[in-house]
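Engineer: So the chains spell out like this:
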Amino acid sequence: MTELLQQLVNGLTLGSLYALIAVGYTVVYGIIQLINFAHGEIFMIGAFGALATWTLLFEGTTALWVLPIMLLGAVIASVTTAVLMERFAYRPLRGAPRLAPLITAIGISVALQEAIRLFYPGAKSKIPFPQIDVVTGPALTFGGVTVQRAAVFTVGALLMSAAFLWWFINRTRSGHGMQAVSEDPDTARLMGVNVDRIIVIAFAIGALLAAIAGLAQGLLNANIDFRMGFLAGLKAFTAAVLGGIGNIMGAVVGGLVLGVAEALAVGFIPGQFGGSAWKDVWAFVLLIVVLVFRPQGILGARVVDRA
Amino acid sequence: MSIDTDIEEAHDDTERVSLWDRVGRPVAPFAWPLTLAGAVVLGAGCFLSWSYTSDVLGDLSIDFYPGAVQILMIITAVLAVLFALMYRGPLSHLGEWLSSATALRTLGLGSTIFMALVIALIAIQSGGLVNVMPGAWVSFAGAVILLIGSAGLTPRAHRDPLHASLPSWVEILTIVVLLAIVLFGVAYVLGIDDGTVFSLVVLFVGIVCLALARAGFFTWVGVIAQTHRRVLMLGAVAVALLFPFTQGGSDANMSIATQVLIFAATALGLNIVVGLAGLLDLGYIAFLGAGAYVGATMSYSTFATIGWKPPFLVVMLIGGCVSATLGLIIGSPTLRVSGDYLAIVTLAFGEIFRLSMGNLDGQDGPKLTNGPNGIPAIPDLEIGSFNFGETHDVLGITLGRFANYYFALLVLLAFVITVFTRLNNSRIGRGWIAIREDEKAAEAMGVNTFALKLFAFAGGAFLAGLAGTIKAHHDVSVTPDQFIFLESAFLLAAVVLGGMGTVAGVLIGATILKLLPEKLRFVADYRLLIFGLLLVVMMRFRPEGIIASKRRQLEFHEADEELATRIEEVHLVEEQEAKA
Numbered sequence: 001m002t003e004l005l006q007q008l009v010n011g012l013t014l015g016s017l018y019a020l021i022a023v024g025y026t027v028v029y030g031i032i033q034l035i036n037f038a039h040g041e042i043f044m045i046g047a048f049g050a051l052a053t054w055t056l057l058f059e060g061t062t063a064l065w066v067l068p069i070m071l072l073g074a075v076i077a078s079v080t081t082a083v084l085m086e087r088f089a090y091r092p093l094r095g096a097p098r099l100a101p102l103i104t105a106i107g108i109s110v111a112l113q114e115a116i117r118l119f120y121p122g123a124k125s126k127i128p129f130p131q132i133d134v135v136t137g138p139a140l141t142f143g144g145v146t147v148q149r150a151a152v153f154t155v156g157a158l159l160m161s162a163a164f165l166w167w168f169i170n171r172t173r174s175g176h177g178m179q180a181v182s183e184d185p186d187t188a189r190l191m192g193v194n195v196d197r198i199i200v201i202a203f204a205i206g207a208l209l210a211a212i213a214g215l216a217q218g219l220l221n222a223n224i225d226f227r228m229g230f231l232a233g234l235k236a237f238t239a240a241v242l243g244g245i246g247n248i249m250g251a252v253v254g255g256l257v258l259g260v261a262e263a264l265a266v267g268f269i270p271g272q273f274g275g276s277a278w279k280d281v282w283a284f285v286l287l288i289v290v291l292v293f294r295p296q297g298i299l300g301a302r303v304v305d306r307a
Numbered sequence: 001m002s003i004d005t006d007i008e009e010a011h012d013d014t015e016r017v018s019l020w021d022r023v024g025r026p027v028a029p030f031a032w033p034l035t036l037a038g039a040v041v042l043g044a045g046c047f048l049s050w051s052y053t054s055d056v057l058g059d060l061s062i063d064f065y066p067g068a069v070q071i072l073m074i075i076t077a078v079l080a081v082l083f084a085l086m087y088r089g090p091l092s093h094l095g096e097w098l099s100s101a102t103a104l105r106t107l108g109l110g111s112t113i114f115m116a117l118v119i120a121l122i123a124i125q126s127g128g129l130v131n132v133m134p135g136a137w138v139s140f141a142g143a144v145i146l147l148i149g150s151a152g153l154t155p156r157a158h159r160d161p162l163h164a165s166l167p168s169w170v171e172i173l174t175i176v177v178l179l180a181i182v183l184f185g186v187a188y189v190l191g192i193d194d195g196t197v198f199s200l201v202v203l204f205v206g207i208v209c210l211a212l213a214r215a216g217f218f219t220w221v222g223v224i225a226q227t228h229r230r231v232l233m234l235g236a237v238a239v240a241l242l243f244p245f246t247q248g249g250s251d252a253n254m255s256i257a258t259q260v261l262i263f264a265a266t267a268l269g270l271n272i273v274v275g276l277a278g279l280l281d282l283g284y285i286a287f288l289g290a291g292a293y294v295g296a297t298m299s300y301s302t303f304a305t306i307g308w309k310p311p312f313l314v315v316m317l318i319g320g321c322v323s324a325t326l327g328l329i330i331g332s333p334t335l336r337v338s339g340d341y342l343a344i345v346t347l348a349f350g351e352i353f354r355l356s357m358g359n360l361d362g363q364d365g366p367k368l369t370n371g372p373n374g375i376p377a378i379p380d381l382e383i384g385s386f387n388f389g390e391t392h393d394v395l396g397i398t399l400g401r402f403a404n405y406y407f408a409l410l411v412l413l414a415f416v417i418t419v420f421t422r423l424n425n426s427r428i429g430r431g432w433i434a435i436r437e438d439e440k441a442a443e444a445m446g447v448n449t450f451a452l453k454l455f456a457f458a459g460g461a462f463l464a465g466l467a468g469t470i471k472a473h474h475d476v477s478v479t480p481d482q483f484i485f486l487e488s489a490f491l492l493a494a495v496v497l498g499g500m501g502t503v504a505g506v507l508i509g510a511t512i513l514k515l516l517p518e519k520l521r522f523v524a525d526y527r528l529l530i531f532g533l534l535l536v537v538m539m540r541f542r543p544e545g546i547i548a549s550k551r552r553q554l555e556f557h558e559a560d561e562e563l564a565t566r567i568e569e570v571h572l573v574e575e576q577e578a579k580a
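Quick note, the sequences are listed as chains G and X, same order.
If you're matching positions, the first sequence starts at 1 in the numbering used here and goes up one per residue.
If you're matching positions, the second sequence starts at 1 in the numbering used here and goes up one per residue.
Errors might be hidden in some of the hints.
List time: in silico EDC-like cross-link candidates among lysine to aspartate or glutamate, alpha-carbon distance up to 20 angstroms [stated by the list, open to error]:
1. K519/X to E487/X
2. K519/X to E171/X
3. K519/X to D251/X
4. K126/G to E3/G
5. K124/G to D525/X
6. K309/X to E382/X
7. K279/G to D481/X
8. K126/G to D184/G
9. K126/G to E114/G
10. K124/G to E114/G
11. K279/G to E3/G
12. K126/G to E382/X
13. K309/X to D380/X
14. K126/G to D525/X
15. K124/G to D225/G
16. K124/G to D481/X
17. K279/G to D193/X
18. K519/X to D63/X
FRET-style restraints, in silico, Cβ to Cβ [stated by the list, open to error]:
19. F450/X to V83/G: 57 to 65 angstroms
20. D194/X to F168/G: 33 to 41 angstroms
21. K126/G to N387/X: 38 to 46 angstroms
22. I75/X to T55/G: 48 to 56 angstroms
23. I124/X to N223/G: 38 to 46 angstroms
24. R230/X to K124/G: 30 to 38 angstroms
25. D194/X to V285/G: 31 to 39 angstroms
26. L117/X to V83/G: 32 to 40 angstroms
27. Q363/X to V152/G: 33 to 41 angstroms
28. F450/X to V285/G: 46 to 54 angstroms
Now the stretches of chain X that chain G is said to cover, found in silico as 3 or more residues with beta-carbon under 8 angstroms [claimed, not checked]:
29. 344-356
30. 484-497
If you're looking for bench data, these hints aren't it; they were derived computationally from the structure.
Each residue gets a CB set at the ideal place from its N, CA and C atoms; glycine is no exception.
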């Protein structure tokens, strides 16, 4: 029983991370049907933005008050990258055959990874991430189940982000605009919605949440590296599909389900094919099974035609 | 090069004015003499010394003994003089067919950039502008004069090279000469060790090709290549066979050449899936990997895990079949998913393959692949009594280990190209193209879409598997990290950069992607960054690739009416020729 609870806790932590990144895929896909393959890199850049802020401004400080400023640094780095990417790489390709943006995305992904590896000092191998009071430190235990402090932070961040997203989409003008554009871009344009602006907002929202995830990942793992975006991005995409791509709350649910499934696979698949060596394999098997048998996902996709 | 859209624009000559006319200066009569003078000065400067020290960019310091870089500019100058004489003068009847003014502008701009770069390089490498000798400045001035003069020329309407009818021996001779230039050019370029000189040569080739393409020369070459297809094929085979003999027994470039061939064979397999059937596969390297692992586990390596050692041709067949089976498995979801989702499914399959190969080490799974360490020490191929590791002397030239693999891979590539073109021109190929253009319409027309899509996957995978078995012996060891996602991205890039659905394009794409990183060692660390940006820029400005299949080009430029008419016209002429 403790074992099961422990794996659930691990899974929820991992799942929260996936969920935060998955929102970025799903928001963009819901509006322009583009798989922003480079979104994993936005997450990675968020982590490096937080680290850079800390190194430049607070080297050596571990007080809790630096955390919001680190987060701000992460968000600025991620959102700037995402908006520039949309403006200069994706926007000129709107209306091009679907292969073009996908290849562009692969190009951006490789270029961003390499840019960080080459130009961020010391980024050629793993870089230690600062440990902050309260959110990291000795693990908490609840009746035999250990919970990392950073895990609490991650889950908390997901809950707040989900609440913010709900408010943003249902209660603001821009949110209503996003809903309108994802239903029917042409009609939305006729109704006076600035579609270009809405698309930029979608990229920015995704990047915002990815930045939070980047910071959380740094705190959880105590180190970051330039390759972290690829696998995380792929898993998060799986999560987005699992929840139903285009469906924002679906991404959150999908992320949590994927995280828990992965943790349970590590703990409970017996024999040689269990264990952590195979956990990525099982995650990808899940991705394929979902894409093939239930492409609309758990909560139902908003854009089923593409499947 | 394929059809150049600039030519079409040249037809409505009312629009065409020289750049000088736009600024409003009535100096047009001086434009042509200025152009010619610029070209001559550019060439003349090359015979003078360019640099005070003799250790920069080869040796450019001796008067009247031009070094390699200077010879490049002499060639440019000669071309410029020829084009200038086509514009007005003894060669003007050729000027009716080629757009000499556009070509001259390109040459002028290109040589100015080239000379500026050379002067900058001399200044940097030998410590200061003092070391730049007058010759370089003379040539630079010539280039600038050429640029200014050519801006004053008015591009004239010229006739479509499609209707040029020359005696066929001239056409055949052109093909032969061009192929010879390719052979010796490639051998020469590969022999350059200095990275900066190599980049300058690449720049030069780019300038000349662009100028010739804009003049409409390559359109004509495309037309005669169509009419003399057999000659071209024979010539290409001869060039490929002769290449090892130009290397004088050195294995350094042959090893690059073999890598290019393996890469090209795999990329052609991918071209069936992506270019013809329009199914995006992001995990294609897994098929090459499956072949390589079959080749490795059935080899005589002491680390091989399968005891059965059949002859290599059988191993090849098994490798191909294992790959094809994987292709069937990966292709089967195409029944239900398409587009972006398919791309992700294949990406996931590719990752599963790599992770599984890393896990099957006897600890986390059955012992098959030795896990992350892979299978090292794979011995050289031995077919009959012919050992691929030994050197052979043919006509006094030593052919090394890589030359042996080169010939084997050439046979494989010829097979792959035959399969590709045969399929492309068959009922199956037309079915694939129909699926690519509109799957629902194709199905309604009675195309068995599911079977054809599966066949595209299995067929492409089979070819990659064959290449993989040779790769295992060629590389000596097989490890999981030879098959990371980036390699799949490279393969896809070769197809996309070169031109989807064409053979020549993929060959050029594969060559560029494998050769440039090898030669540009001084940017070795930046090559992935450059690769990523190149993909983005390419998709933005020429999504159809360097050598575009005409149909593809139209797909990416739907609004281009002129291109559509032109393609129709070419098609009609081809049909007439076929009837005649």
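Engineer: All the hints need checking, so say for each whether the structure fits it.
Structural biologist: Hint by hint, here is what the structure shows:
no.	hint	in the structure
1	K519/X to E487/X	holds, 19 angstroms
2	K519/X to E171/X	violated, 34 angstroms
3	K519/X to D251/X	holds, 15 angstroms
4	K126/G to E3/G	violated, 31 angstroms
5	K124/G to D525/X	holds, 11 angstroms
6	K309/X to E382/X	holds, 12 angstroms
7	K279/G to D481/X	holds, 18 angstroms
8	K126/G to D184/G	violated, 44 angstroms
9	K126/G to E114/G	holds, 14 angstroms
10	K124/G to E114/G	holds, 9 angstroms
11	K279/G to E3/G	holds, 17 angstroms
12	K126/G to E382/X	violated, 44 angstroms
13	K309/X to D380/X	holds, 14 angstroms
14	K126/G to D525/X	holds, 18 angstroms
15	K124/G to D225/G	holds, 8 angstroms
16	K124/G to D481/X	holds, 18 angstroms
17	K279/G to D193/X	violated, 47 angstroms
18	K519/X to D63/X	violated, 30 angstroms
19	F450/X to V83/G: 57 to 65 angstroms	violated, 42 angstroms
20	D194/X to F168/G: 33 to 41 angstroms	violated, 58 angstroms
21	K126/G to N387/X: 38 to 46 angstroms	holds, 45 angstroms
22	I75/X to T55/G: 48 to 56 angstroms	holds, 53 angstroms
23	I124/X to N223/G: 38 to 46 angstroms	holds, 40 angstroms
24	R230/X to K124/G: 30 to 38 angstroms	violated, 53 angstroms
25	D194/X to V285/G: 31 to 39 angstroms	violated, 51 angstroms
26	L117/X to V83/G: 32 to 40 angstroms	holds, 35 angstroms
27	Q363/X to V152/G: 33 to 41 angstroms	holds, 35 angstroms
28	F450/X to V285/G: 46 to 54 angstroms	violated, 23 angstroms
29	344-356	holds (count 9)
30	484-497	holds (count 6)
Checked against the numbered hints given earlier, the structure breaks hints 2, 4, 8, 12, 17, 18, 19, 20, 24, 25 and 28 and satisfies all the rest.
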